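Chains as they are written, first to last, in the numbering used here: chain A, 1 to 194; chain B, 1 to 194.
These are computed hints drawn from the structure, not numbers from a lab. Here the structure is a predicted model, which is why all the values come from computation and not from measurement. Among the hints, erroneous ones may be present.
Claimed, not checked - Here are the simulated SDA-like pairs of lysine to any residue, each with C-alpha atoms no more than 25 Å apart in a straight line:
no.: 1; chain 1: A; residue 1: Lys-121; chain 2: B; residue 2: Gln-102
no.: 2; chain 1: A; residue 1: Lys-121; chain 2: B; residue 2: Arg-135
no.: 3; chain 1: B; residue 1: Lys-121; chain 2: A; residue 2: Pro-141
no.: 4; chain 1: B; residue 1: Lys-121; chain 2: A; residue 2: Arg-117
no.: 5; chain 1: A; residue 1: Lys-51; chain 2: B; residue 2: Arg-42
no.: 6; chain 1: B; residue 1: Lys-121; chain 2: A; residue 2: Phe-25
no.: 7; chain 1: A; residue 1: Lys-121; chain 2: B; residue 2: Glu-32
no.: 8; chain 1: A; residue 1: Lys-121; chain 2: B; residue 2: Gln-105
no.: 9; chain 1: B; residue 1: Lys-121; chain 2: A; residue 2: Gln-102
no.: 10; chain 1: B; residue 1: Lys-121; chain 2: A; residue 2: Ala-123
no.: 11; chain 1: A; residue 1: Lys-51; chain 2: B; residue 2: Gln-102
no.: 12; chain 1: B; residue 1: Lys-121; chain 2: A; residue 2: Leu-119
no.: 13; chain 1: B; residue 1: Lys-121; chain 2: A; residue 2: Gly-24
no.: 14; chain 1: A; residue 1: Lys-121; chain 2: B; residue 2: Ala-89
no.: 15; chain 1: B; residue 1: Lys-51; chain 2: A; residue 2: Glu-63
no.: 16; chain 1: B; residue 1: Lys-121; chain 2: A; residue 2: Thr-127
no.: 17; chain 1: B; residue 1: Lys-121; chain 2: A; residue 2: Arg-160
no.: 18; chain 1: B; residue 1: Lys-121; chain 2: A; residue 2: Arg-81
no.: 19; chain 1: B; residue 1: Lys-121; chain 2: A; residue 2: Thr-40
Protein chains: 2
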Amino acid sequence: MGRWEPNAQGRLAQAALELYVERGFDRTTVAEIAARAGLTERTFFRYFTDKREVLFGGSGELEAVLVDTVAAAPASGSPIRMVADALAAAGARIGQRREFSQQRQRAISANVDLQERELIKLAAMATSLADALRRRGIDDPVAGLAAETGVAAFKIAFERWITAAEDEGLERVIRETFDQLAAVTAPTARRRSR
Amino acid sequence: MGRWEPNAQGRLAQAALELYVERGFDRTTVAEIAARAGLTERTFFRYFTDKREVLFGGSGELEAVLVDTVAAAPASGSPIRMVADALAAAGARIGQRREFSQQRQRAISANVDLQERELIKLAAMATSLADALRRRGIDDPVAGLAAETGVAAFKIAFERWITAAEDEGLERVIRETFDQLAAVTAPTARRRSR
Chain A
1 MGRWEPNAQG RLAQAALELY VERGFDRTTV AEIAARAGLT ERTFFRYFTD
51 KREVLFGGSG ELEAVLVDTV AAAPASGSPI RMVADALAAA GARIGQRREF
101 SQQRQRAISA NVDLQERELI KLAAMATSLA DALRRRGIDD PVAGLAAETG
151 VAAFKIAFER WITAAEDEGL ERVIRETFDQ LAAVTAPTAR RRSR
Chain B
1 MGRWEPNAQG RLAQAALELY VERGFDRTTV AEIAARAGLT ERTFFRYFTD
51 KREVLFGGSG ELEAVLVDTV AAAPASGSPI RMVADALAAA GARIGQRREF
101 SQQRQRAISA NVDLQERELI KLAAMATSLA DALRRRGIDD PVAGLAAETG
151 VAAFKIAFER WITAAEDEGL ERVIRETFDQ LAAVTAPTAR RRSR
């Protein structure tokens, strides 16, 4: 009770995800999570403010990575390049824990409230990216478009990464997806009217 | 009571939006909406299943426009072109009611639950578009990317359209945004590594 436990945070997160997938998020209590992890509720609340925090606790940190990467990008880069680099940097972090990401996604997919929360977090990522671009002197519509499109590409990349048979590396998949994005969106510019 | 009222649906929607903006969505009752419109609750429920339906009732119809446009697109067109045409067709419908769209957006912006609902609807639009592309023989990642990116462009276009001083025409703004999208995403393809 209250004493240090080896990797308590990781064990609690793992136990929580297992239970969310097994019984559903709504039907899982903090007491059950702690019991499965062999820890106490008090220990749970030392690491997480609530049940949701297990799933979304890292989002503030990721947003900081995005904003810092755009702030530090060379001025010579294009806005979409800044966005790609920022999301690749975030991807490098998330990419270290593929199994966790897979379980997390299963838990979220099974619950509409959690899906909504996930979408709000992604929208917040796009807003932060657009603001960071504007601080670099990039105006709208370019800032907004680069940010929203970038997050759309990130979603596709993330989906491919967690569903692939093997771990292809999230950062690499994000880079490839941005290359595909350029190819996918290219033709329209040349055919404004038909 | 129960008899036909001229433009009852429009009057109810208008009254609802005014009240959502004035007092907030949560603090508005169906009785109040009906009273403001000079109609009965029973009439309200002839047109809408609940308070939310006023804001999101058209989304099924819009999804049908998207899916039908992709299904009917010439096979020679690129996937992003099919998506642009589909969203422009949806935009042509929404674009007829700019003031309604502006009020609706104000009501949604003031309420987190409604924002989440709006994001879920946009995500569903992207899913439907991607499925429609797959039925046209377009594989992933292109189908998913074109659909998600297209909806991202739509969001940006919609935002520009409702915040502009004058009505620039939603369909036109969508077309222009897709042209900008091609320009914004272009440079990455040529610089895979740095």
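Are the Cα positions of Lys-121/B and Phe-25/A separated by 25 Å at most?
Status holds; Cα separation ~22 Å.
Is the Cα-Cα distance between Lys-121/B and Thr-40/A 25 Å or less?
40 Å, violated
Below or equal to 25 Å on CA atoms is what counts here, so check Lys-121/A against Gln-102/B.
Since the Cα atoms of Lys-121/A and Gln-102/B sit roughly 24 Å apart, the hinted pair holds (cutoff 25 Å).
Given the hinted pair Lys-121/B and Gly-24/A, is their alpha-carbon gap at most 25 Å?
With Cα atoms ~23 Å apart, Lys-121/B and Gly-24/A stay inside 25 Å; holds.
So if I understand the rule, the pair passes when the alpha-carbon distance is 25 Å or less; does Lys-121/A with Arg-135/B pass?
31 Å, violated
Given the proposed pairing of Lys-121/A with Gln-105/B, does the C-alpha separation stay at or below 25 Å?
The given pair, whose Cα atoms are some 19 Å apart, holds under the 25 Å limit.
For the pair we were handed, Lys-121/B and Leu-119/A, check the Cα-Cα distance against 25 Å.
11 Å, holds
Under the criterion that the straight-line Cα-Cα distance not exceed 25 Å, is the pair Lys-51/A, Gln-102/B satisfied?
36 Å, violated
Taking 25 Å as the top limit, are the C-alpha atoms of Lys-51/B and Glu-63/A close enough?
34 Å, violated
Given the hint that Lys-121/B pairs with Gln-102/A, test it: the Cα-Cα distance must not exceed 25 Å.
Between Lys-121/B and Gln-102/A the Cα gap is close to 24 Å, so the pair holds against 25 Å.
Does Arg-117/A sit within 25 Å of Lys-121/B, going by the straight-line distance between their CA atoms?
14 Å, holds
Mind checking the alpha carbons of Lys-121/A and Ala-89/B for me, to see if they're no more than 25 Å apart?
Violated: Lys-121/A and Ala-89/B sit about 29 Å apart, past 25 Å.
The structure fails to meet hints 2, 5, 7, 11, 14, 15, 18, 19 from the earlier list, while all remaining hints are met.
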